[in-house]
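So you can see what is in the structure, the chains are spelled out below.
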Amino acid sequence: SAVISQKPSRDICQRGTSLTIQCQVDSQVTMMFWYRQQPGQSLTLIATANQGSEATYESGFVIDKFPISRPNLTFSTLTVSNMSPEDSSIYLCSVGASNQPQHFGDGTRLSIL
Amino acid sequence: QKEVEQDPGPLSVPEGAIVSLNCTYSNSAFQYFMWYRQYSRKGPELLMYTYSSGNKEDGRFTAQVDKSSKYISLFIRDSQPSDSATYLCAMSAWSNTGKLIFGQGTTLQVKP
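If you read the sequences in order, they're chains A and B. Read in order, the letters of the first sequence correspond to residues 1 to 113 in the numbering used here. Read in order, the letters of the second sequence correspond to residues 114 to 225 in the numbering used here.
Since the hints were derived computationally from the structure, they do not count as laboratory data. Keep in mind that a hint or two might mislead.
To be verified - Restricting the straight-line Cα-Cα distance to at most 16 Å, the calculated cross-link-like pairs of lysine to aspartate or glutamate (EDC-like) are:
hint, chain 1, residue 1, chain 2, residue 2
1, A, Lys65, A, Glu54
2, B, Lys183, B, Glu118
3, B, Lys155, A, Glu54
4, B, Lys212, A, Glu58
Stated by the list, open to error - With beta-carbon atoms standing in for the labels, derived distance ranges:
hint, chain 1, residue 1, chain 2, residue 2, range
5, B, Lys180, A, Gly52, 31 to 41 Å
6, A, Gly60, B, Pro121, 20 to 30 Å
7, B, Glu170, A, Ala2, 24 to 34 Å
8, B, Ser182, A, Gln22, 41 to 51 Å
9, B, Ser186, A, Gln14, 37 to 47 Å
10, A, Thr56, B, Asp191, 40 to 50 Å
11, A, Ser88, B, Gly167, 37 to 47 Å
12, A, Thr44, B, Ser133, 25 to 35 Å
13, A, Gln14, B, Gly129, 27 to 37 Å
14, A, Ser1, B, Pro121, 50 to 60 Å
15, A, Gly52, B, Leu124, 41 to 51 Å
16, B, Pro121, A, Glu86, 18 to 28 Å
Given the structure is predicted, the values throughout are model-derived calculations rather than measurements. By construction, the Cβ of each residue, glycine as well, lies at the ideal position given by its N, Cα and C atoms.
The following block holds chain B by itself, in its conformation from the complex:
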């Protein structure tokens, strides 16, 4: 069993839809959670960064962490064609190693 599980998709939605991306994990030591967006032929770009449980909102993006269920989500409101990319969840126990464990990534296509 992988430490982090993420549905690879692909996920296709119409423009303006609400998108929900999810990851589950098995290591209860994880306490730092990130979402990265990766466009084709580019490196991962940090979207959201949260510590422990709770919600964080940034514009059209909302990140949720439920440590009791070992489940994190990223919601995208009013999705745009420019949101078409691969979304990667990542998490860490943030020991001195700083090691990140990534999900497989979900490919999202937003159709105009």
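Isolated chain A, as found in the complex:
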């Protein structure tokens, strides 16, 4: 399966700031996704990162808060904007192809003070 690298692995940020998380894959992939895993909770899909077009967001997530880029088939970024303590979470990148299971990176552990 593809090797997925996320940066940073963790960060502590101030309220009101923004952080961009990078996801790099060692091979070209069709689909890239961004998930959130809040403390003690399961994974929730934020959006699908589409190469060459705007990301597709799930209900409850908006582009102004979580802008996503996907400039090519191996790289994507997720920005968490204007952060508040409620954004403290693990953010995970995953990759997949049609009718194939997704594989995940190790995530970015984000704490907001």
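Position chain B against the provided structure of chain A, taking the given hints into account.
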């Protein structure tokens, strides 16, 4: 009601025990079923992947899907301390969105 329900545990068993982890779901459109294992401070790692109903075995792990009951299980035989982790079930209707719906995860501890 959540689309996928999973007992969060924690579940504690002695080494060598057979472990049974379960999820129920409400959406009859789900046809792809996965189990992921997540160690502390790591991302979810795919363990088992099944399509539709039936059983699938891989070493000490067996996944079962009963679509008529909307119920899936993961069995771990001869459990080891290294199996201590959180186990997440996930499922999908596998439309073009590729969206996965996850259970809450069950935390398992295998004691030596």
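Structure-based check of all given hints:
1. A:Lys65 - A:Glu54: holds, 14 Å
2. B:Lys183 - B:Glu118: holds, 11 Å
3. B:Lys155 - A:Glu54: Status violated; Cα separation ~29 Å.
4. B:Lys212 - A:Glu58: holds, 10 Å
5. B:Lys180 - A:Gly52: 31 to 41 Å: For B:Lys180 and A:Gly52 the Cβ distance comes to about 37 Å; the hint holds.
6. A:Gly60 - B:Pro121: 20 to 30 Å: Holds, since A:Gly60 and B:Pro121 (Cβ atoms, about 22 Å apart) stay within the stated range.
7. B:Glu170 - A:Ala2: 24 to 34 Å: Since B:Glu170 and A:Ala2 have Cβ atoms about 25 Å apart, the given range 24 to 34 Å holds.
8. B:Ser182 - A:Gln22: 41 to 51 Å: At 42 Å between Cβs, range holds.
9. B:Ser186 - A:Gln14: 37 to 47 Å: This hint holds: roughly 45 Å between Cβ atoms.
10. A:Thr56 - B:Asp191: 40 to 50 Å: holds, 43 Å
11. A:Ser88 - B:Gly167: 37 to 47 Å: holds, 40 Å
12. A:Thr44 - B:Ser133: 25 to 35 Å: Taking Cβ atoms as reference, A:Thr44 and B:Ser133 lie about 26 Å apart, which means the hint holds.
13. A:Gln14 - B:Gly129: 27 to 37 Å: Once the Cβ atoms are compared, 49 Å apart, the range 27 to 37 Å for B:Gly129 and A:Gln14 is violated.
14. A:Ser1 - B:Pro121: 50 to 60 Å: Since the Cβ atoms of A:Ser1 and B:Pro121 sit about 27 Å apart, the hinted range of 50 to 60 Å is violated.
15. A:Gly52 - B:Leu124: 41 to 51 Å: holds, 45 Å
16. B:Pro121 - A:Glu86: 18 to 28 Å: holds, 21 Å
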